[in-house]
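Relying on the hints, combine the two individually framed chains into one complex.
Single-letter residue listing:
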Amino acid sequence: MKFGILISEGPYTHQASDTAYHFVKSALEAGHEVPRVFFYHDGVNVGTRLSVPPQDERNIQQQWSALAKDHGVDLVICIAAAQRRGMLDANEAERQGKDADNIAEGFRISGLGQLIEMGIETDRLMTFGD
Amino acid sequence: MEDDVKKFLYVNRKAPYGTIYALEALEVVLIGAAFDQDVSLAFLDDGVFQLTKSQDTKEIGVKNFSPTFRALGDYEVTKLYVEKESLDERGLTADDLQEIMWEDEDDDWAEKPSIRIVSRAEMADVFADQDVILSF
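So the protein lines, in turn, are chains S and A. The first sequence: position 70 = 70 (this note's numbering), numbered continuously. For any residue, its number in this note's numbering is found by taking its place in the second sequence, counting from 1, and adding 1000.
Okay, chain A solo, but in the shape it has when bound (with noise of 0.2 Å):
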């Protein structure tokens, strides 16, 4: 059965808004969750402001999907790669972004921070590491 469970990444490169991108990539991403596959999410470019916390959509009519992404562990979907170069050309930092939390049941459900922030050269070797990737 192991050899059936590919690594999948999703790649996310928009801003939230603006365009449908980020929107359906999630919908992707929640569907996929079923497969029991071994799922990761990159966060790069633009696609960091997706996790930034605080969003308000009311002014531009469209629907506020952000607290979806605190729901991602509940579907095991637990690792969530935040590009910091990213980060830093726009001025963000892990402050700015939303707490994701997850519940490790191998260790006695111990909340973890499904988030981790690391560099351009290490966010390569996600890349490398993956079988599918789906970019967004």
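Pulled out of the complex, with its shape left as it was, chain S reads as follows (with noise of 0.2 Å):
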């Protein structure tokens, strides 16, 4: 089956960015298929590569990044929910006039038309939020 995963709570406070990595890791273990995650909300803040999180806790960001680089799993970051929040790429950086950028490596940002189409080219979209 193919699954679009939409994740809608950011990193530590909330599990949903967790629950949705051990479903999205599970689910390619057993033979399914996950073209797109789509981080919105404060599910963006997950794709920062400046969280230094303690050494003996995961590492949300590098997990999903792995995740990303082992099987090919686009992960796309609202652009609308992103410029809120502080977290650009090198191009909005620059477009925006801004002197740094975030976000980190196996993470793009893109528009919402993303979410829809996920929504319609996969056979289910899991949502994972509270």
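Incorrect hints may have been included.
As the list claims (entries may be wrong) - If you want a taste of the chain S side facing chain A, the calculated C-beta under 8 Å gives, among others: (1) Leu6; (2) Tyr40; (3) Ala80; (4) Gly111; (5) Leu112; (6) Gly113; (7) Leu115; (8) Gly119; (9) Ile120.
Unchecked claim - Which stretches of chain A does chain S cover? Using the computed rule of at least three CB atoms under 8 Å from a CB of chain S, they are: (10) 1014-1026; (11) 1082-1095.
As the list claims (entries may be wrong) - Cross-link-like lysine-lysine pairs, in silico, BS3-like; alpha carbons within 27 Å at most: (12) S:Lys2 to A:Lys1007; (13) A:Lys1112 to A:Lys1053; (14) A:Lys1063 to A:Lys1014; (15) A:Lys1112 to A:Lys1079; (16) A:Lys1112 to S:Lys98; (17) S:Lys2 to A:Lys1006; (18) A:Lys1014 to A:Lys1079; (19) A:Lys1112 to A:Lys1084; (20) A:Lys1084 to A:Lys1053.
Bear in mind the hints are in silico, worked out from the structure with no lab data behind them. Here a beta-carbon is modelled for each residue, glycine too, at the ideal position from N, C-alpha and C.
Laid out in structure tokens, this is it:
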């Protein structure tokens, strides 16, 4: 089966992104397809490469980046939600005149159309939030 | 082409202010309208407050986005299901909600109401009929 994943809560405060990660990992191992994960609301904060959690804790961003690298999962951060919350890629940082960007490897910033497209093109859309 | 059309339901469960879910849900609806899918919105729990009229957010310094609901008809989003029990539980009636109309081009552009007040049981049927459900 082809799953689309929507993550709508931020990392560490909420378990949603952890649960989504475990679901996606298990689904891929079971032979399902997960072409895309879409990060919305505070979920966009999962994609910052500047988080530095304590060493004895999981690094949520790095878990996702590894999943993207190993399985080609398309990790899409909503641009409108990202801009509100200070998440910028290099292009956006330049366009908005900001002095830094913070998007982690394997993530990309794009529009909400990618969420709708995911709903159209997958068999099931799963939301991980509150 | 008809096979490519899916039924999308956007579920609104939260109050319009206090958290950003309602506003960002509406942003998804507006973008999604460009994809020519069969779109419905559901309002239940505190989500019914999103449709109340005379919202005034001046004192909390947050943008009042409620007028946008009246523009949904222009985006061909014409099915707004509101759960009656959620209204009742909050002391609200249909009169407390904005008038949201759409023009039916198949009926000589007659103005029709977009808000459909349904029972909890009917809302369950609306949910069961969908292909994609996005909950906010």
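For each hint, the structure was consulted:
1. A hinted interface residue such as Leu6 of chain S counts as satisfied when its beta carbon comes closer than 8 Å to some beta carbon of chain A; here the least separation is about 7 Å, so the hint holds.
2. For the restraint placing Tyr40 of chain S at the interface with chain A, the shortest Cβ-Cβ distance is roughly 7 Å, inside the 8 Å limit, so the hint holds.
3. Interface restraint check: Ala80 of chain S against chain A, minimum CB-CB distance 6 Å, threshold 8 Å, status holds.
4. For Gly111 of chain S, the shortest C-beta to C-beta distance to chain A is roughly 7 Å, which falls under 8 Å, so the interface hint holds.
5. For the restraint placing Leu112 of chain S at the interface with chain A, the shortest Cβ-Cβ distance is roughly 4 Å, inside the 8 Å limit, so the hint holds.
6. Hint status for Gly113 of chain S: holds, given a least beta-carbon distance of 6 Å to chain A, under 8 Å.
7. Satisfaction of the interface hint for Leu115 of chain S is found here, the shortest Cβ-Cβ separation to chain A being roughly 7 Å, below the 8 Å cut-off.
8. For Gly119 of chain S, the interface hint holds, the least distance from its beta-carbon to any beta-carbon of chain A being 4 Å, beneath 8 Å.
9. Residue-level restraint check for Ile120 of chain S holds (minimum Cβ-Cβ distance to chain A is 6 Å; threshold 8 Å).
10. Under the rule that three or more residues need a Cβ within less than 8 Å of chain S, the assignment of the segment 1014-1026 of chain A holds, with 3 such residues.
11. Under the rule that three or more residues need a Cβ within less than 8 Å of chain S, the assignment of the segment 1082-1095 of chain A is violated, with 0 such residues.
12. Among the hinted pairs, Lys2 of chain S with Lys1007 of chain A is consistent with the structure: their alpha-carbon atoms are about 17 Å apart, no more than 27 Å.
13. Under the criterion of a C-alpha separation no larger than 27 Å, the hint pairing Lys1112 of chain A with Lys1053 of chain A is consistent with the structure, at around 18 Å.
14. At roughly 16 Å between alpha-carbon atoms, Lys1063 of chain A and Lys1014 of chain A fall within 27 Å of each other, so this suggested pair holds.
15. At roughly 11 Å between alpha-carbon atoms, Lys1112 of chain A and Lys1079 of chain A fall within 27 Å of each other, so this suggested pair holds.
16. With a C-alpha separation of about 47 Å, the suggested pairing of Lys1112 of chain A with Lys98 of chain S is violated against the 27 Å cut-off.
17. For the given pair, Lys2 of chain S sits about 16 Å from Lys1006 of chain A by alpha-carbon distance, which is consistent with the 27 Å threshold.
18. Taken as a hint, the Lys1014 of chain A and Lys1079 of chain A pair is honoured in the structure, with Cα atoms around 19 Å apart against an allowance of 27 Å.
19. Proposed proximity of Lys1112 of chain A and Lys1084 of chain A is supported: the alpha carbons are some 20 Å apart, at most 27 Å.
20. A hinted pair counts as satisfied when its Cα atoms are at most 27 Å apart, and Lys1084 of chain A with Lys1053 of chain A qualifies at roughly 17 Å.
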